[in-house]
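Chemist: Each chain is listed here by its residues.
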Amino acid sequence: MKLPSGANMPIFVPSKIVTKLSNLSGWEQRGLTGCVAIITQPTIDALNPWIDKKTRNYSVAKTTTKALVGMTVGVSVRYLTEKISKILVENNILEIVKKDGIREITDKQFIKNLGIFFGVLACVFTNFIFDMPMTKAGINWCVEKFKLDKEPEKK
Amino acid sequence: MGAIAAGLKREICKFCSHANMGDFIRTTGTISWALSCIAYTCAVIFNDKIPKEQKKFLVPQEIIDGAINVTLYWTITSRLKKFGEIAVDKGLVLPKSLKSTFLKEAKNASHIKPAKVDWYFNNSTTLQEYLKFKKTFSIASSLAGSIVAVAIVTPITRNIVAKGIEVFKSKMPRKAQPVAPLPPYILYERKKSLTFDKYLSKVGTPEIRTSYPGLKI
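As given, the protein sequences belong to chains A and B, one line each in that order.
In terms of my numbering, the first sequence is residues 1 to 155.
In terms of my numbering, the second sequence is residues 1 to 217.
These aren't lab readings, by the way, just hints derived from the structure by calculation.
Keep in mind it's a predicted model, so treat the numbers as computed, not measured.
Note that the Cβ used here is the ideal one computed from N, Cα and C, for glycine as well.
One or more of the hints may lead you astray.
Claimed, not checked - Listed next, the stretches of chain B that the computed footprint assigns to chain A, with coverage defined by at least 3 CB atoms under 8 Å from CB atoms of chain A:
| no. | region |
| --- | --- |
| 1 | 11-18 |
| 2 | 35-43 |
| 3 | 84-96 |
| 4 | 143-150 |
Take the sequences, apply the hints, and build the full model.
Modeler: Take a look at the structure:
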């Protein structure tokens, strides 16, 4: 296929996937990021060549726990804040602010935005109430379960 | 008090009525990562089960992780969002549903060079679809940017930087440790090869001799 001079053949992507991705709510976005992070982050730490084996084990335990706890709490909090936002919008407690008399977003999108926003605010507290103690407990569990405090055997 | 609450409510609604979701994801995400960085660093600092030796690496790793996370999250999300907009604008990426329209129009217009790719979509339906795709692709790019930043770029960068700091620390001149004065019996052991006169002049008084009955003169 010959295109006008200087033009490249575009990459055609399914717009359904793009639309689906762009319509993800706050908790779905956090869940997607968390799922990828649970796979990649501990793998990257396990392959870190610049630290000794014992520190590497601690690093992997810490990163895995952090990713798991972060995702669980993050998704739950955002899911709840979105539900609360829906109630607030449905009862006209919170309403869309029009710009020059034009409504720029739909109610559904507004609820999603409110959910993300309140989710971030809630994180100020949940990070310390849930994330911090759960991460600590998770690391301690890993230390005991996998005996990380023992010197690793040398091959 | 009521006026403050009403003002706050209005500002929240205004912020969330923001039409640009890409910017919204970036801003709220950055704040969120900054907050969780503080919590996770505390979780490592106040954990008694992690030995001090490992904390020396893990605490800076956590702080660096947070700083890099926030910076890279903002940068990569912004860049990829911009890239998404430019890619569609320049016709590098287009929706599959517009493939036939694009190829048909491109065949007809092979002798000219349209300034913008939307030239190919000359009826309202295809143009609407193109514009909608442009918007959604930019949001999806923003999200992809946030995933790449959090899950791949940050962990690699933080490990490199943590190692760099460790190397830098090891090259720094170490502080001289204060030396405790030697106890007299050690001095005696060291000086017993000396003659008595010399020994006394070095070690001291007759009280020392009575304190150490094993001392033979």
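Chemist: State for each hint whether it applies.
Modeler: Hints, one by one, checked against the model:
With 7 residues having a Cβ less than 8 Å from any Cβ of chain A, the region 11-18 of chain B passes the three-residue criterion, so the hint holds. With a cut-off of 8 Å between beta carbons, the region 35-43 of chain B has 7 residues touching chain A; three or more are needed, and the interface restraint holds. Counting residues of the region 84-96 of chain B whose CB falls under 8 Å from any CB of chain A gives 6; the rule of at least 3 is met. A count of 5 residues in the region 143-150 of chain B with a Cβ less than 8 Å from any Cβ of chain A is obtained; the coverage claim is therefore met, three being the minimum.
Checked against the numbered hints given earlier, this structure breaks none of them.
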